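K.L.:
Fit chains B and C to the given chain A structure using the hints.
One-letter residues, chain by chain:
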Amino acid sequence: MKGWGLLTTGFALQIAFIVRWWEESEVAPLGLRLSIGLGVLLSAVGLAQVAGRLAHTRNPLLGFTPAALTLLALLVAAEALLRAYQVPPGLVPTPTRVLATLYTVRDVLLQDAYQTVLKEALVGYLIGCSLGVLTAFLVSRYLFLERGFLPYATLFSSIPIVALAPVLVKMVGIDWPSKAAICAITVYFPVVVNTFRGLTEVSPISLDLMRSYAASEMQQYRWLRLPNALPFIFNALKLGTTLAMIGAIVGEFFGANGQGLGFRIQIEAGRFGFDIVWAAIIVASAAGIVWYGLVTWVERRLTGWHVSFRRG
Amino acid sequence: MVFPNGTVALKEANLEVAPGEFISLIGPSGCGKTTLLRLLADLIKPTAGTIYIGGKTPEEARKARAYGYVFQAPTLMEWRTVLANVMLPLEIMGFPPAERKARAERMLELVGLERFARHYPWQLSGGMQQRVSIARALAFDPHLLFMDEPFGALDEITRENLNLELLRLWRETGKTVIFVTHSIPEAVFLSTRIVVMTPRPGKIEAIIPVDLPQPRSFETRELPEFFRLATEVREALRRGHGYEVAE
Amino acid sequence: MKKWSVFAVLALFVLGSLAGAQQNLVKVNLQLKWFPQAQFAGFFVAKERGFYRAQGLDVTLLPIGDQSPIQMVQSGAADFGTTWIADLLTARERGIPVVHIAQIFQRSGFTLVALKSTGIKDICRDMKGKSVGVWPSGNEYPAVALFRKCGLTSSLDPRATNPDVTAVTYPFDPALVFPDKVQLVSAMIYNEVNQIAGLGYDESKVDIFKLADLGINLLEDLLFTTERVLNNRNFKGSGLTGRQVAARLIRATLQGWNWAVANQAETVEKYVLPVCGNTCKGSGTRADAKEHQTWQMAEVAKLYNAGATTKGWAGFLVPADYQASVRLLREQGILTRDPPAATVDYGPWELATGKRARDWR
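As you go down the protein sequences, you meet chains A, B and C in turn. Numbering-wise (this note's numbering), the first sequence opens with residue 1 and increments by one. Numbering-wise (this note's numbering), the second sequence opens with residue 1001 and increments by one. Numbering-wise (this note's numbering), the third sequence opens with residue 2001 and increments by one.
Calculated from the structure, these hints are not laboratory results. One thing to keep in mind: the hints can contain errors.
[Claimed, not checked] The calculated lysine to any residue pairs, modelled on SDA-like cross-linking and capped at a C-alpha distance of 20 Å, are: (1) K170(A) - G2065(C); (2) K238(A) - M171(A); (3) K2121(C) - R2107(C); (4) K2181(C) - M171(A).
Note that the coordinates shown come from a computational prediction; the quantities given were computed from them, not determined experimentally.
Chain A on its own, in the form it takes in the complex (with noise of 0.2 Å):
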């Protein structure tokens, strides 16, 4: 229990002065500023020891403990040292004033959210996958693709596409399109060449079964290489949420039609309320976490045999 004793008496330390301090606007005094520092080092030390003892834990509540403990100590120290040395909100906003400010600007954060995340990245996401499925199937089928596309596509899928931006967008047009566009290309590449690994990488005798079994071509696709392929089908899919999100704020840099994640970053950013770019930074991080989760689901669900969901 001692770890969580020094955790409580440096969190005590740390909030006794943001209570203090909450009104001020003066740099605090040096008294003060040191026990701020002692109070981070011995929550830093108590939260060392707590984790220490969670290591082993196999309670998934317990488990998670020490990350959420991390979290809630950076903080509260960010918070404790932002106000003693009066960093100026314009330049790195405290915790509580950005979800305060989260709060107070929910409504716009969720409408641009919805034309981020649902109109721009999901739309562009789903274009994008399904192309590069579409793609990876001809490209397994015939080999003069396979020779004359795939190492295109291997390399694109290896730089990042994402400085296209502002191409697209000063040719589809600054509204969502064009950022839908930018996803779509962003998460095409490496969706085609996963797809196509998975596809390909089936074992000469798991052929040679299809071919006793007197398997047309597609058989061999719908029994065989479509579900081998299942596998790395995912990890583009995953990979693929983390980057349309990323496109579609990115494109939003280059113009926007007055919404949008990557819009209220930008001009916020402009104008120094970066209370609200934070906000906006909590959104998009939520709602690329749950997408990515929603993925995750999907593949648990259709490809639990694999190797890396097995336990024991």
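P.N.:
Same frame as chain A, now just chains B and C:
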């Protein structure tokens, strides 16, 4: 059978097999026994020569789904349960759903794995996986069973048990089996005839009939006749290798 | 454009460092508000004709796109910068210690342009449900102030869920959004107005609304720095205080502007066209580079040669104008409180010109 690089894999191979026979192809690595089996199964095409399976060419036989093939590795689909793996050929061949399930369950019973129907392949031992693959090869009731060193990767005890089980299956189903192996005791124990093959170029050195009494059991391996046949096979193999046959 | 600016910065830097090494000049980075063009003619003249050097300064002029010059100065990447008043005051309110030290343009050049065919005659009355094109990074404030004054909400306000006016951001070239995506577009009277004419919409086809005429008279190009720079006792080890450097910079800059306004053709030919590269034509305009910059020089001269400048008080921030800008921003809720007195520092300007602010009539 000549590969594009000029290597002759199989030179002379004249063999007639009657229905219900259990034929073993034995020989050292590179003698073409697997090649011969793959020719029969139409997994590769011969450069010359003729093969007929029940009056059909191998391609026709394959398209008529005349044989089941058991590979060296179990080759189970890891995304399918044991039961679903056995149903795979039935789905491809368009059996009605109810019949698929009934047949697959019966096949699993036949190989003694009905309790593992809902398991995934990775949860089974190597020997059990190979039994699933045999059940799968039999599921659509082909006349012929081609087996390419199916027990080669298993330990001796498992292999002997599976040999016995295979013989039981053969008796109960009346299939014609072509079985590739490089184990002399296995060949003698299982077969009605043993085809001894020699390498470079692969050809048939001898065809040795095995008239050990049926049904065979663990005791069969103790019979003097078993040892005599094993010796005969071994000598044929040595002859093919060009070694002097010791008196 | 990015490539060009990097190259320009490098080139200026190399030239600057050569000169500096010879004469022991004080290195100063000055952040312009946009890409090089006649809008900054006075600065180019002051540099190339040696006015800065005569003041012992080795000034590097940094171009920028639609990012905030305040960020560059606040972070120390530049020592001084030019920006607009709304941008400066909102940053100050959010705790960035920036200080106004000289007012270059005495009049606002911000306009909103609409095709006559859209039927927008009165922005307050006709803009509900319409779209307006703006540049981000503080350049959107004049439009925001106007809409607030009209009682219209816009999507630039993070608290308005169903805004009356949609603000469309776009990279530089008005042709990207006008007239297809937006009915109203931001246009500086010395730049985009001509670009729009270049798109085939001359004054017979468009209405140009000057924001100053609509009561939004927000001061534009001004010189600013940070408290850190001003209070520096030994600016970059030069032995000069930050204030002294600021004063010298103001003196040479005003000298440059006076010369540029008096010698416009020569200024464009010798000092603007050689540095403005592919932004000479404005972004995307079909106009000829020299023609566009000559026209821009003339327009900019009108903004410089107005108000205090005409009374011989170039660079002076007229207190009444400043108060008017503050009052407007407060009324429209863009500022929540009066900026602290330290936001404007007349000291360097007084030092530079020998005048005293309180003598202004």
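K.L.:
Hint by hint, note whether the structure agrees.
P.N.:
Outcome of the hint check:
1. K170(A) - G2065(C): 16 Å, holds
2. K238(A) - M171(A): Violated - the C-alpha atoms of M171(A) and K238(A) are around 28 Å apart, more than 20 Å.
3. K2121(C) - R2107(C): Cα-Cα ~24 Å, so violated.
4. K2181(C) - M171(A): Distance of about 14 Å is within 20 Å: holds.
Of the hints listed earlier, those the structure fails to meet are numbers 2, 3, in rising order.
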